[in-house]
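*Asks:* For the record, the sequence lines run as chains Y and S. First residue of the first sequence? That's 17 in the working numbering, and the numbers climb one at a time after it. First residue of the second sequence? That's 17 in the working numbering, and the numbers climb one at a time after it.
One or more hints might be untrue.
As the list claims (entries may be wrong) - In the DMTMM-like style, the derived pairs of lysine to aspartate or glutamate whose C-alpha atoms are separated by at most 20 Å in a straight line are: (1) Y:122 with S:382; (2) S:18 with Y:201; (3) S:370 with Y:44.
Claimed, not checked - In silico negatives: residues of chain Y with every beta carbon more than 12 Å from chain S: (4) 75; (5) 117; (6) 198; (7) 295; (8) 322; (9) 333; (10) 348.
Treat the hints as calculated values from the structure; they're not laboratory data. Here a beta-carbon is modelled for each residue, glycine too, at the ideal position from N, C-alpha and C.
Number of protein chains: 2
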Amino acid sequence: MKNIYFDNAATTSVEPLVVETMTEVLKDVFGNPSSIHLFGRQAKVVVENARKKIANLINVTPSEIFFTSGGTEAINTAINGCVKDLKIENVITAEIEHPAVLNSLKKFSTQIKLNFVKFDNKGNVDFHSLEELLKINKNALVVLMHANNEIGNLLSIKETGEICEKYNALFFSDTVQTTGKYKIDFSNLNLHFAVCSAHKFHGPKGAGFLYVKNGIKINPLIFGGNQEMNMRAGTENIAGIAGMAKALEIASDGNEKNMLHIKSLKEYLIQQLKINFKNIIFNGDCEERGLYNLVNFSFPKTEKTEVLIYNLDIAGIAVSGGSACASGANKPSRVLKALNCDIERTAIRVSFSKYNTKDEIDLFVEKLIKLINA
Amino acid sequence: MKNIYFDNAATTSVEPLVVETMTEVLKDVFGNPSSIHLFGRQAKVVVENARKKIANLINVTPSEIFFTSGGTEAINTAINGCVKDLKIENVITAEIEHPAVLNSLKKFSTQIKLNFVKFDNKGNVDFHSLEELLKINKNALVVLMHANNEIGNLLSIKETGEICEKYNALFFSDTVQTTGKYKIDFSNLNLHFAVCSAHKFHGPKGAGFLYVKNGIKINPLIFGGNQEMNMRAGTENIAGIAGMAKALEIASDGNEKNMLHIKSLKEYLIQQLKINFKNIIFNGDCEERGLYNLVNFSFPKTEKTEVLIYNLDIAGIAVSGGSACASGANKPSRVLKALNCDIERTAIRVSFSKYNTKDEIDLFVEKLIKLINA
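Taking the hints into account, I'd like the entire structure generated from these sequences.
*Replies:* Have a look at this one:
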């Protein structure tokens, strides 16, 4: 039986054309981009073409894009810079942010005050609560993710940016789950920092970028040579960078088609789950809104549902109980807990890619019925 | 005409078998190593097999190896941890260290005292000066590179480790230029931190590791998930890690053969240069000792030698004026300056790999003669 991969929020398969691009770079371009000779210049061209391509796809200038080893490093760089260089003392964030955000912030717990926004009963940011916090925390940094990685709730970064602007706050959004999935015009937002991780949209692991709005100057997290306009030292991962640009290009080109296909999968899954399981609960706002590729749902905890994810795995179906980072599996989800979801239930996150099919959903639901009702 | 690449200290071409290994991983293994399902476990196996292979090659335990995005990140992590977690206040280092070391240290200039060792007239560390500094700086951290990237001088890390042990100092050596070039038994040394960058031995850019001796506990530089035994957050660059392990394996297997070949190239180049250029000076200790693949030499500054590197590049021969990081080219080398070399001369660094040949040296020397004497 063919395995079914329904964990695309954790990571995605690498696009064949991306593998091809990377293999070509690995074979043919090996100079150090900092070297001034031909080999170095060839490597530099790869890096700078990737930067231009990415900047163009999200409508920013190339000088606003800094390549990193992934989303986590980019997040750490932004938060580090905000605290150390921009002297941010008040941060407004959410308990459902990614561990890369929360743990980076907690590192500075003696230097900054952390304030947490409230949520509505679907897990959406309560903008009234955000405004209240902005009123009492002057010159704050607002850190709110574009889409939550566990429940898929989407934040309007346009609206959030406007609120931040009103209170003169900096706005950093973790856009790891949305870059490549939506066409985002970063220039059109009051957004100062954003991050991307290539492996979330069929690019390679080990490549990402930090977007920093022109005019904002922070120091590197990683010191050394003058790479990345003095913002990130270390010889560039040229194959990874070229692969990321290719992956983002393919994702952007296929955006509308993929979105339609994946949306229909999501709707079909929700429909089938509702038909077959009376006591199912959908976490977050995934029925109405939320990431078009993600559904998080739960069943009452029983002997059978407790081992559901393991038994699905044995049956060749990969789903997750929450984020990949929160492995160890049987610990209740930090995100669901923060949103007051019933964590005494067994939660399952299904996240699709363009490669998934309706047939796979049928097989999945069939298996679920067997495992739960058998 | 075939181009000649004589800048292998800056970076190396990627070994064909390494490209193959990476391409296979990119195509076939795409899970997130933190996921508990089959796809995740397959990815985890790739990462842990690489860790075991590397640990075995340098004779340490896998739990002492932490994967990073390269040498620079590894260096930053070690220094950050020594200052913040081990509360190091006195550092003994050298002015000829790599910018990744010096700039990471300078970041903590208000927290640590930096002491610089002296050198003999060949640019070798003066152990007497090291001992004197250790006597007056208790519980110090000694940071001295195994091989200098510009002049190739080698440090006896065995002897240095013994001196450090005598004074209860921690010892961190930047082993970026020597890993893969020498068989090093890390367990046999009083060495607490070491670093590696895959692209220096025909591996990919964007992969490296930090070695931390068992028993030493530092915190991450990059916070987030629990990857790398809680020492480095962020989804692992699995293709890069697999490629690095393969590259180190190939380098270790071919070590003796490559060393003999490259040593003979170095000797031949020195001989030919001495025959053809009366006013040549060899920088550092490369004539007698030093990295077997590196020669740094200089000519009196003239109109012709000032543009030598550019004209060699036009002729298809890639050499460097110093390190790749110090591009911009016409600035005198920081390393040569620190060693009191005559920086009014034009310095050239030639660094070989196993792919270079005697014929290439003949072409290079022939071209040099034309460019300088014409």
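*Asks:* So, for every hint listed, does it hold in this structure?
*Replies:* Each hint, compared with the structure:
1. Y:122 with S:382: Distance ~61 Å between residue 122 (chain Y) and residue 382 (chain S) Cα, so the pair is violated.
2. S:18 with Y:201: Violated, at roughly 45 Å.
3. S:370 with Y:44: The hint holds at about 18 Å.
4. 75: Fine: 27 Å to the nearest Cβ keeps residue 75 (chain Y) off the interface.
5. 117: violated (8 Å)
6. 198: Given a closest Cβ separation of 21 Å, the condition holds.
7. 295: Holds: least Cβ distance 25 Å, greater than 12 Å.
8. 322: holds (14 Å)
9. 333: Residue 333 (chain Y) is in fact no farther than 12 Å from some Cβ atom of chain S, at 8 Å.
10. 348: Residue 348 (chain Y) clear of chain S: closest Cβ-Cβ about 15 Å, beyond 12 Å.
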